[in-house]
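Go ahead and model the full structure; you've got the sequences and the hints to work with.
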Amino acid sequence: MSIETPVRAQGDLRVIDEEGQLIDPNSLPEITNEKLTQLMERMLFTRLWDERAIKWTRQGKLGFYAPVSGQEAAMIGSEAALSPDDFILPSYRDVPQAVWHGWPLYQAFLYSFGHQQGNQIPEGVHTLPPQIIIGAQVVQAAGVAMAFKLRKEKRVALAYIGDGGTSQGDFYEGMNVAGVYRLPLILMIQNNQFAISVPVEKQTAVKELAKKAEAAGIEGKRVDGMDVLAVYKAVQEAVQKAKAGGGPTMIEALTFRYGPHTMSGDDPGRYRTKELEHDWRARDPLVRFRKFLQSKGLWTEEAEQRVEAKAKEEVQASLDQANKYPAMTLASLANHMYGKMPRELARQVAGSGLNADSGVK
Amino acid sequence: MAQLTMIEAIRSALSQALEKDERVLIFGEDVGVSGGVFRATDGLMQRFGEERVFDTPLAESSIAGLATGLSIQGFLPVAEIQFFGFVFEAMDEIIGQAARMRFRTGGRFHCPIVYRAPFGGGVKTPELHADSLEGLFAQSPGIKVVVPSSPYEAKGLLLSAIFDEDPVLFLEHMKLYRSFREEVPEEFYTLPLGEAKVVREGKDLTLISYGAMVRTALKSAEMAEKEQGLSVEVIDLRTISPLDMETIVTSIRKTHRAMVLQEAQRSAGVAAEVIARINEEALYDLEGPVLRVTPPDTVYPFTLFEKEWLPTEQLVLDQISQAMQA
Ligand SMILES: Cc1ncc(C[n+]2csc(CCOP(=O)(O)OP(=O)(O)O)c2C)c(N)n1
Numbered sequence: 001m002s003i004e005t006p007v008r009a010q011g012d013l014r015v016i017d018e019e020g021q022l023i024d025p026n027s028l029p030e031i032t033n034e035k036l037t038q039l040m041e042r043m044l045f046t047r048l049w050d051e052r053a054i055k056w057t058r059q060g061k062l063g064f065y066a067p068v069s070g071q072e073a074a075m076i077g078s079e080a081a082l083s084p085d086d087f088i089l090p091s092y093r094d095v096p097q098a099v100w101h102g103w104p105l106y107q108a109f110l111y112s113f114g115h116q117q118g119n120q121i122p123e124g125v126h127t128l129p130p131q132i133i134i135g136a137q138v139v140q141a142a143g144v145a146m147a148f149k150l151r152k153e154k155r156v157a158l159a160y161i162g163d164g165g166t167s168q169g170d171f172y173e174g175m176n177v178a179g180v181y182r183l184p185l186i187l188m189i190q191n192n193q194f195a196i197s198v199p200v201e202k203q204t205a206v207k208e209l210a211k212k213a214e215a216a217g218i219e220g221k222r223v224d225g226m227d228v229l230a231v232y233k234a235v236q237e238a239v240q241k242a243k244a245g246g247g248p249t250m251i252e253a254l255t256f257r258y259g260p261h262t263m264s265g266d267d268p269g270r271y272r273t274k275e276l277e278h279d280w281r282a283r284d285p286l287v288r289f290r291k292f293l294q295s296k297g298l299w300t301e302e303a304e305q306r307v308e309a310k311a312k313e314e315v316q317a318s319l320d321q322a323n324k325y326p327a328m329t330l331a332s333l334a335n336h337m338y339g340k341m342p343r344e345l346a347r348q349v350a351g352s353g354l355n356a357d358s359g360v361k
Numbered sequence: 001m002a003q004l005t006m007i008e009a010i011r012s013a014l015s016q017a018l019e020k021d022e023r024v025l026i027f028g029e030d031v032g033v034s035g036g037v038f039r040a041t042d043g044l045m046q047r048f049g050e051e052r053v054f055d056t057p058l059a060e061s062s063i064a065g066l067a068t069g070l071s072i073q074g075f076l077p078v079a080e081i082q083f084f085g086f087v088f089e090a091m092d093e094i095i096g097q098a099a100r101m102r103f104r105t106g107g108r109f110h111c112p113i114v115y116r117a118p119f120g121g122g123v124k125t126p127e128l129h130a131d132s133l134e135g136l137f138a139q140s141p142g143i144k145v146v147v148p149s150s151p152y153e154a155k156g157l158l159l160s161a162i163f164d165e166d167p168v169l170f171l172e173h174m175k176l177y178r179s180f181r182e183e184v185p186e187e188f189y190t191l192p193l194g195e196a197k198v199v200r201e202g203k204d205l206t207l208i209s210y211g212a213m214v215r216t217a218l219k220s221a222e223m224a225e226k227e228q229g230l231s232v233e234v235i236d237l238r239t240i241s242p243l244d245m246e247t248i249v250t251s252i253r254k255t256h257r258a259m260v261l262q263e264a265q266r267s268a269g270v271a272a273e274v275i276a277r278i279n280e281e282a283l284y285d286l287e288g289p290v291l292r293v294t295p296p297d298t299v300y301p302f303t304l305f306e307k308e309w310l311p312t313e314q315l316v317l318d319q320i321s322q323a324m325q326a
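If you read the protein sequences in the order shown, they are chains A and B. Letter by letter, the first sequence follows residues 1 to 361 of the working numbering. Letter by letter, the second sequence follows residues 1 to 326 of the working numbering.
Derived by calculation from the structure, the hints in this document are not laboratory data. Certain hints may be false.
DSS-like, lysine-lysine: derived pairs with alpha carbons at most 30 angstroms apart [as the list claims (entries may be wrong)]:
{"hint": "1", "chain 1": "A", "residue 1": "K61", "chain 2": "B", "residue 2": "K175"}
{"hint": "2", "chain 1": "B", "residue 1": "K307", "chain 2": "A", "residue 2": "K324"}
{"hint": "3", "chain 1": "B", "residue 1": "K175", "chain 2": "A", "residue 2": "K340"}
{"hint": "4", "chain 1": "B", "residue 1": "K20", "chain 2": "A", "residue 2": "K202"}
{"hint": "5", "chain 1": "B", "residue 1": "K197", "chain 2": "A", "residue 2": "K55"}
{"hint": "6", "chain 1": "A", "residue 1": "K211", "chain 2": "A", "residue 2": "K154"}
Take a look at the structure:
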């Protein structure tokens with residue numbers, strides 16, 4: 001049985017339409033041409049990486065993977081509006097944002113394999129590893145934002161969450177606390193219409209998720225999440241506001257995941273129609289942004305091929321690098337349980353027979 | 001009788017409970033339209049209607065809280081926590097509220113709820129899907145904790161849990177879901193809560209376990225017999241709270257040696273409790289200390305290390321040999 005989910009109304013904030021036309025010449029965000037092409041490069045790279053990752057997961061070459069195609073504008077557009085020292089708190093699907101924020105791609109693959117080293121974010125890269133517990137990142141983001149505020153640093157925290165995640169207590173608590181202290185926090189909701197099989201209509205009675213912000217006394221806005229410039233603009237404004245002491249913003253980006261929820265056995269055919277998928281694909285973020293750039297003379301077939309070649313090469317090289325990473329050991333795991341290993345744990349490690357050499361990769 | 005996997009046996013129990021009693025309701029994330037991420041509730045919403053089997057918003061505290069409220073109004077909720085690691089989100093509602101309801105209202109209200117949750121290692125899940133957190137609940141008065149070890153056990157124990165008058169946490173090891181089939185009666189039947197079961201007779205040592213580790217225990221027992229001529233008795237606890245000490249003590253009076261095997265990390269868990277009780281009740285029947293075979297005291301590891309981390313048959317066998325020398 002499948003549920004008819006109507007394609008939702010277009011988001012409030014739009015910059016370019018499906019044909020890549022500027023809707024209002026005055027609505028273009030402050031952005032350089034270089035940044036414009038970078039957005040396209042990253043979306044294209046991410047699309048190709050996603051296709052590879054899906055294939056590799058089917059072949060058993062990767063472990064846990066949550067597909068991202070369809071959400072590139074929401075993902076790449078939001079991260080690109082941040083500075084490298086802004087802090088992001090991604091969920092399991094938000095691997096691209098963490099990677100574009102500085103998490104090395106080979107580590108993202110190690111994370112997929114289930115290797116501890118994947119989660120060891122390098123110094124100077126301001127992201128947590130992807131969060132599995134839905135909602136936890138929101139309350140934590142409030143704490144990160146509070147740290148920036150206390151130290152009077154011009155930085156923001158950005159937490160990513162899905163439509164389903166907005167039902168969690170932690171979501172409401174996080175937005176509330178951010179409002180109370182006027183924290184430099186951006187709550188980025190990627191409303192991709194489904195939480196695994198549950199459509200957003202069954203998640204909440206409110207018609208727009210961004211309206212939830214009202215209850216916390218914070219600003220909420222909805223954007224067309226298939227329009228990378230709309231997303232970029234909304235986040236850019238939220239960052240500027242937060243850095244000027246204006247407090248938190250909630251942004252709802254209307255988007256869609258083309259693939260299954262994860263590669264661990266989800267079958268979208270059980271809960272959504274082919275027509276719905278088709279309708280959303282007709283708004284593809286890459287297609288429309290490519291048209292926009294072409295009309296401005298900023299994108300060529302040659303650029304497309306160059307990025308494709310680069311993506312193929314880098315994605316493969318990162319997988320190879322991940323595959324070569326040394327195996328975990330019990331000691332390497334136990335070493336990170338506490339700052340100083342308790343004697344009893346050290347005894348367990350020593351007595352386990354799982355010494356430094358016996359771990360597998 | 002049909003040969004069923006554990007997931008099929010669970011579905012059969014859920015379906016028969018819905019048939020038998022109108023008060024039974026099933027809800028949780030993705031349990032309705034899609035039939036559950038493991039298909040435990042496949043077809044049930046279609047068959048029994050959206051009022052009795054339904055998808056909830058993504059919020060574990062809401063799921064558990066709905067169960068509390070419904071149960072004090074006379075319903076028999078079967079609430080699914082999609083993976084056991086997400087139970088932390090519902091901890092207050094389960095341990096802080098439902099488990100204490102009878103006590104704090106002097107019996108005026110009580111919570112006949114079942115919380116079903118898949119858990120367990122060895123199936124390559126991301127963080128907080130596999131962890132054995134049952135000790136946290138076994139330590140909490142007012143809630144029973146049941147961990148079936150096979151399809152037959154799962155159906156009978158689940159039906160008992162659903163019609164039990166108190167809250168029951170019902171933990172389903174993911175590795176057992178589809179790994180083997182066994183004969184499961186098609187009709188409604190129950191198996192008693194709070195009773196352990198001797199699943200293999202022996203006279204040299206009593207090996208006590210629960211959940212998926214019962215399979216490991218049985219294999220180790222066979223190896224011990226073949227390789228060392230030892231006769232190991234295996235006890236499946238089935239319910240880890242409340243514990244059935246009678247079955248354990250009776251066995252120890254026969255074997256005079258005991259060992260506990262658990263998948264949870266080592267300290268302050270079910271094995272520790274079983275050993276403490278053996279100490280209290282059967283110390284003078286023992287010929288050596290009661291050992292426990294467990295993983296070390298770390299968080300459940302990243303998937304690439306889970307095979308190493310989980311107790312193996314060989315490890316259990318080695319420990320058995322060691323125990324026999326004591
Ligand atoms: C606390 C918690 N509950 C349940 C889950 C299981 N789960 C993983 S993803 C998911 C759906 C999430 O949907 P949504 O928030 O819309 O994000 P999306 O996956 O669509 O990006 C669920 C129920 C979880 N990971 N954490």
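Hint-by-hint comparison with the structure:
1. A:K61 to B:K175: 21 angstroms, holds
2. B:K307 to A:K324: Given pair K307 of chain B, K324 of chain A holds - Cα atoms ~20 angstroms apart, limit 30 angstroms.
3. B:K175 to A:K340: 34 angstroms, violated
4. B:K20 to A:K202: 28 angstroms, holds
5. B:K197 to A:K55: 46 angstroms, violated
6. A:K211 to A:K154: The given pair, whose Cα atoms are some 27 angstroms apart, holds under the 30 angstroms limit.
Against the hints set out earlier in the document, violations occur for numbers 3, 5.
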